[in-house]
Amino acid sequence: MSEAPEMHVRPKIVGARIKRTEDPRLLTGLGAYTDDRQIVRPLHVAFRRSDQSHAKIRLIDSAAARKAPGVVAIFTAVDLSEDVRTLVATSRMKDYHATPIFPLARGKVRYVGEPVVGVIAQSRYQAEDALELIVIDYEPLPVVIDPEQAVRDGAPLLHEEAGTNVLVSREFKRGDIDAVLASAPVRVEGRFRMHRKTPVAIEPRACVAEYDAGRQALTLHSATQVPGIVRDALAAALDIPGHRVRVIAPDVGGGFGGKGSLYPEEIFVCAAARRLRRAVKWTSDRMEDLLANTQGFDEIVDAEIGLDAGGHVLALRADVIGDVGAYSIYPWTAALEPIQVVSFLPGPYRIEHYRGRVQAVATSKAPTGPYRGVGRPTSTFVMERLMDMAAARLSIDPAEIRRRNLIPADELPYKAASGIVWDKSGFHECLQAACNAIGYDAWRARQKTARANGRWIGIGIASYAELTGIGSRISVAPGMPINTGTETASIRIDSTGAITAAFGVASHGQGLETTLAQVVAEHLGARFEDIRVIQGDSAAVAGGTGTYASRSMVLAGGAATLAAQTVRDKILNAASHLLEASVGDLAVQDGKITIVGTDRSISFADVARAVYSEIGKLPQEARGELAATKTYDPVFGTTSSATHIAVVEIDPQTYQIRIDQFVVAEDCGKLVNPLIVDGQVHGGVAQGIGAALYEEVRYDPQGQILTASLVDYLVPSACEIPSIQVTHVESASPTTLGGFRGMGEGGTIGALAAIANAVADALSPLGVDINELPMTPERLFRLIEAAKAETRS
Amino acid sequence: MKPPVFDYIAATSTDMAVAALAAAGGEAKIIAGGQSLMPMLSFRLLRPSLLVDINRIPGLAYIEEADTCLRIGALTRHFQIETSPVIARHLPVLSAAMTHVAHLAIRNRGTIGGSLSHGDPAAELPMIAVLLDATLHIESVSGQRAVRAQDFFLDALTVDLDSAEVLAEIILPKLPPNTGWGFEEIARRHGDFAIAAVAATLTVSDGSIRQARIALTGVGPTPVRAAAAETLLIGHALENKLVESVARAVRAAIAPEDDLHASADYRRHLAGVLTDRALHAAWRRAQGEP
Ligand SMILES: Cc1cc2nc3c(=O)[nH]c(=O)nc-3n(C[C@H](O)[C@H](O)[C@H](O)COP(=O)(O)OP(=O)(O)OC[C@H]3O[C@@H](n4cnc5c(N)ncnc54)[C@H](O)[C@@H]3O)c2cc1C
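Taken in order, these protein sequences are the chains called A and R.
Under the working numbering, think of the first position of the first sequence as 1, with each following residue one higher.
Under the working numbering, think of the first position of the second sequence as 1001, with each following residue one higher.
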């Protein structure tokens, strides 16, 4: 892959701390979210959702509800079976059992919160009133709630057709793991539990389908990260060609992966709108969001490393059970989260021998899906705990043991034991920069004194690497049929001289309207403020998917670079005629083309007028449309890496954990906008802190969800988040156009492991192991009381 | 999460409010700040036929100083109590407690009358009312009555209020001279309801405790006064051994339950730790330290 040619000198727009273009709109209430959309007489949907975790639907009686005030229609799965083709997230993986996605539960329900009946009324209030009148006769089936029981032979099955609850299993292997482990001088192992989390975007999901009966066309506005994927899926499910179904993700208030899949409600509102020839709208309330949004993580990992006496890891073994919930989500399959755990477990370390086995198990809980970090928060938690446990066993400082094991720069690119190839990224540099930023040695000294005074201070390090901006040769979910390896940019200068850049990505908080405009401005020679970015609209480009998996800057940024360069060439060509100078003598900057060394220049608007309106001013050959559409494929993608260090203090009486300091040193390659990178890291770390200390979706043994409101599902607020110091180790990616690396997820990946290690470190004099997250005060209380009881006896 | 259908009256006097309540025959609900009521309506946990809005009744929000007590109107917002100089002077333990009640936006709407009438088992105001021996003035079409805070909280979310009654005024005796106070709370996050909280006052003269009050919230269905523990303190100076036995007596006086956020064991543990801290703070303040 070639480096982007350096075309422009000063002032650099890529790399500048530019304030976000979208913020004035969003912060003054002028943003337009899906629910804000003004439509004439829309109909409103309320879903009757399952209150059973696993049951057969014997009978649905909607007679009374149909007569309720304001009710227009009531649909069950049977009513829609003619309207909707079943979609299946297929895969080429062997031992993979696909599960279908229906707009409404068919025949049986598989989790509490699954939509069963859709009531459509003049208002949401009336729809909810009518819901209460529907009678559903369920025949309860055995609960399938504990993933370790669900994998066993003879366990009750959630999907009988699959013949098993294990929707997919896989093994990654390199070397002779058993022999190496058996002969390793030092072995440490643990059983780790990463609990289930849910995204809780500030804007819950929402979708409204408008049907144009005259044109037989559907437009869906949806709070989604993936309008392209949803459009393609709807075209297939509803059997409409792509030019008659358009999916728009307008302003979207956060996603974190939770808006990154196709949802039953999206199919439902479209099918209902077409049937009723009316606009049909559904806005999730917070309870539905907590019940039926895709959730994240949820793994049990049994892992072990073997080391030599010098603290070098020789071998790693892991057995993972991933609880994927009731269905494999579309299009990512059930493999997405759990398989990433074993793919990434070896981390940025040189580990020769490895075996990672994983089983993705269906249980009667909400489906899991992508959640910021996908798999890597868990793999990093496990690997970084093992590193610290080994360091303690060998009396090596935690920073030092990482230094000994991180892949050295001269061995990069390095093929990790799971098959991932790390390109050159600042593994060691990040560790060093983080240690410097926090004053690591000084903290260790302070910790010693504090301990002597009975204070519990802990310092926790987490280093990790991730694959970002992945291209066509690697699949986001292994074996998934759709390809997510490309993105397209379409840039045009119109007859007024205005520049529009359209993309298939879908910003939902990342600030892509700003950063993509920076890239376009840089390579076009335009002024940043003159560029309008259009994204989140399936009609903007012929093919695109959306924003997820830390990909948009790499893929859309690459496409923007290529398209901008092409348009720039066209401008230069036209300008050379207008200025009567050769292209080689022209410079483009700030929206002006100048003959170098003179004061003779013309503006983009002048060129546009000549090209589009002043026929005759230019020869035919120079009158081509000032537009270009380019697609970029980074083929493999690139490595991003970071080290996080947390300092915590635990109250020895109340067991409350306070985070005193938090630093991140990260390598996301060439920074497009440091302000936005900082913001992304801060947000990611906050979610990592949530996962480490607060957030946990809980179901009771009957499969009833216990965390159905924000009183019970605890998201950290600003008060719980310390100030976060971010240091950038900017090493341009050798494999991507522009040298960008993805950085949207990293904050979450590192933070929870750093905090887990810090808490463990604080408690090390008590001999308490931290192998479960979130580490709540209640869990800490139990661990500490148990440890105290042990010392007493 | 949309409320079921209800009627609505905006009362402009207490008489009008109690008349409307009486006419609705037990099916009506008062709405004050709405901070607890609205979620219950949206979850459809309550289905009143009528909401009687008391926000437009003039003269129901006030903080008045009398000789020996402060009178607080039921519609007084949390934020007014939190920032009142009169309360800071005479009942600083109340000012301190208010900073733990939810978040600013909620404190701007929520009222003292609403909090006491709602009777959340982990709320701060009920605990302070019990700590300070508050008297509650209640009105209805059939007249007025007064209830001691001690007798008002019957069970979780259940208080001694009839569906046709309005809590009108709360009377809080001023702290005696030479009284120090302590307030300690543990919640999962800033502004959350307490997992456990302890408030204490100690009135000290000649180096020994003359009056002691200890109240807890979050550790049972209602706020608790730890009377037996208080007695242990009378006539003594505060020292560690004594605090230990008081903390033990406090732990024995409560019957916490497990919930999603904390077990009964952890709550009991915290009750002891927080009692220790609150008593030490109260003792220090009784000596004139800040
Ligand atoms: C996110 C959140 C966090 C919170 N955290 C805390 C916390 O940490 N600590 C805490 O103490 N509280 C907390 N609260 C609750 C808050 O303090 C409420 O304001 C308070 O409990 C109710 O007061 P209100 O005026 O809003 O009452 P409303 O919600 O209007 O009414 C509550 C109940 O009291 C009745 N009522 C109201 N006024 C009267 C009256 N004068 N006479 C008779 N009945 C009446 C109503 O009919 C209703 O049943 C929180 C609330 C929220 C939303």
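I should point out that these hints are in silico values taken from the structure, not numbers from a laboratory.
A couple of the hints might just be wrong.
[Stated by the list, open to error] Residues of chain A placed beyond 12 Å of chain R at every Cβ, according to the derived structure:
id	residue
1	T28
2	Y125
3	G214
4	M287
5	G310
6	K570
7	P619
8	R698
9	V715
10	E730
11	S731
12	L780
[As the list claims (entries may be wrong)] Listed next, the in silico DSSO-like pairs over lysine-lysine satisfying Cα-Cα at most 30 Å (straight line):
id	chain 1	residue 1	chain 2	residue 2
13	A	K173	A	K415
14	A	K12	A	K617
15	A	K94	A	K415
16	A	K570	A	K173
17	A	K788	A	K19
18	A	K617	A	K592
19	R	K1241	A	K56
20	A	K67	R	K1002
21	A	K670	A	K570
22	R	K1241	A	K108
23	R	K1002	A	K788
24	A	K67	A	K56
Built from N, CA and C at the ideal position, the CB exists for glycine as well.
Outcome of the hint check:
no., hint, verdict
1, T28, "holds (19 Å)"
2, Y125, "violated (5 Å)"
3, G214, "holds (33 Å)"
4, M287, "violated (6 Å)"
5, G310, "holds (42 Å)"
6, K570, "holds (54 Å)"
7, P619, "holds (65 Å)"
8, R698, "violated (7 Å)"
9, V715, "violated (9 Å)"
10, E730, "holds (35 Å)"
11, S731, "holds (38 Å)"
12, L780, "violated (9 Å)"
13, A:K173 - A:K415, "holds (13 Å)"
14, A:K12 - A:K617, "violated (33 Å)"
15, A:K94 - A:K415, "holds (24 Å)"
16, A:K570 - A:K173, "violated (52 Å)"
17, A:K788 - A:K19, "violated (52 Å)"
18, A:K617 - A:K592, "holds (18 Å)"
19, R:K1241 - A:K56, "violated (62 Å)"
20, A:K67 - R:K1002, "holds (20 Å)"
21, A:K670 - A:K570, "holds (27 Å)"
22, R:K1241 - A:K108, "violated (63 Å)"
23, R:K1002 - A:K788, "violated (49 Å)"
24, A:K67 - A:K56, "holds (26 Å)"
Figure legend: structure checked against the earlier numbered hints; hints not met, in rising order: 2, 4, 8, 9, 12, 14, 16, 17, 19, 22 and 23.
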